[in-house]
Amino acid sequence: MESLIIKETTSTPKVVLDSRNNNFEFQGCSRPEDVRDFYMPIINWLEKFRDTKAAVEVEKHATNPIIFKFKLDYFNSSSAKFILDILVLINQLHLNGINLRIDWYFNQHDDDMLEVGKELSEVVDFPFEYVEVKKQVIG
Amino acid sequence: MFQVSAQNIISFQGELTFEIIESLLNRAKQELDSMKLDLVVQKRLYSILVESLENSVKHRITVGVNRNHYPLEMNLLLQNNQFLITVCNYIKQSNAELISQKIDEVNSLNRDGLNQLYRSSIAKARISDKGGAGLGIIEMARNSGQKINYKFIQEGSELVFFILELSLLKCAQKN
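Respectively, the protein sequence lines represent chains A and B. With positions in the first sequence counted from 1, the corresponding number in the working numbering is that position plus 14. With positions in the second sequence counted from 1, the corresponding number in the working numbering is that position plus 373.
The set of hints was computed from the structure by calculation and includes no laboratory data. Note that the structure is predicted; figures quoted are calculated from it, not measured. Each residue gets a CB set at the ideal place from its N, CA and C atoms; glycine is no exception. All clues stand as given, with none of them false.
What follows is a list of derived Cβ distance ranges for each label pair:
1) 529(B) - 48(A): 27 to 37 Å
2) 54(A) - 442(B): 35 to 45 Å
3) 409(B) - 125(A): 14 to 24 Å
4) 438(B) - 115(A): 53 to 63 Å
5) 35(A) - 480(B): 46 to 56 Å
6) 542(B) - 146(A): 23 to 33 Å
7) 438(B) - 16(A): 43 to 53 Å
8) 406(B) - 113(A): 35 to 45 Å
9) 47(A) - 441(B): 23 to 33 Å
10) 21(A) - 543(B): 32 to 42 Å
11) 21(A) - 440(B): 37 to 47 Å
To spell it out: a stretch of chain B is covered by chain A in this simulated footprint if at least three of its residues, at any positions, have a beta carbon under 8 Å from a beta carbon of chain A; those stretches are:
12) 488-498
13) 507-521
All chains, full assembly: derive it from the sequences and hints.
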């Protein structure tokens with residue numbers, strides 16, 4: 015399946031959805047001018063990943079769970095809605111029997127980002143792994 | 374009572390466009406970076422600025438010249454260990470009641486109530502034509518930790534100047 019790679023800007027995160035290399039990552043700040051324009055290709059990619067055999071293929075060649083890494087420094091409220099949609103799609107992959115994990119990164123001084131992760135995990139009803147990092151940046 | 378003079382961090386009066394909001398947010402980020410605040414406070418303040426300014430540009434309306442106010446008036450002050458954020462813009466009179474209801478609702482809730490409202494709202498949120506998810510006011514209230522003040526100044530029969538005031542303590546408090 016074709017990869018979806020989006021470069022990071024000051025207002026949009028880096029996105030890597032690369033099933034060939036088993037690399038799935040969101041990193042940076044998210045407050046796009048047009049949130050729908052930015053997130054719809056990502057949603058469409060994940061729906062395709064869910065609905066074709068691509069996820070099964072990735073899992074077959076992986077020794078460990080597929081890991082979706084969320085390394086977000088900041089996201090605005092309209093991005094939050096789409097991030098929830100992404101998490102729902104990932105949970106659907108899990109419900110389809112795909113062995114996967116969600117790693118939610120947060121700065122050691124940023125309790126709010128940890129809390130947001132716990133909150134989204136609860137809303138989507140899927141447990142996250144929380145990864146504390148030692149750096150100080152915001153979006 | 375002893376008063377510490379206010380430190381004006383950012384002040385702007387002028388046009389309301391996406392480019393101006395972008396430039397104000399970039400400037401705000403640089404100012405906040407240089408203030409050596411707790412990361413949590415820095416990010417809450419940045420979030421309040423993003424949500425309030427994005428809200429103003431999403432709901433902006435074109436107003437003619439010779440008005441009493443600029444299309445966008447914003448201010449970020451530090452006074453008595455508290456950040457004061459004011460964002461003002463013109464809106465349609467017909468939107469004032471809805472905004473007022475939303476702010477009154479979040480002001481009536483405590484921290485747990487706000488978190489509950491956020492969770493139920495994000496689960497059923499739909500992105501509007503203007504690109505909003507209807508979560509901005511809840512998010513501002515959660516980040517501020519204090520009541521939101523607002524005022525409408527009537528200008529003619531269909532236009533109001535909306536004044537939104539938020540505050541945030543300089544020292545981090547657990548949300």
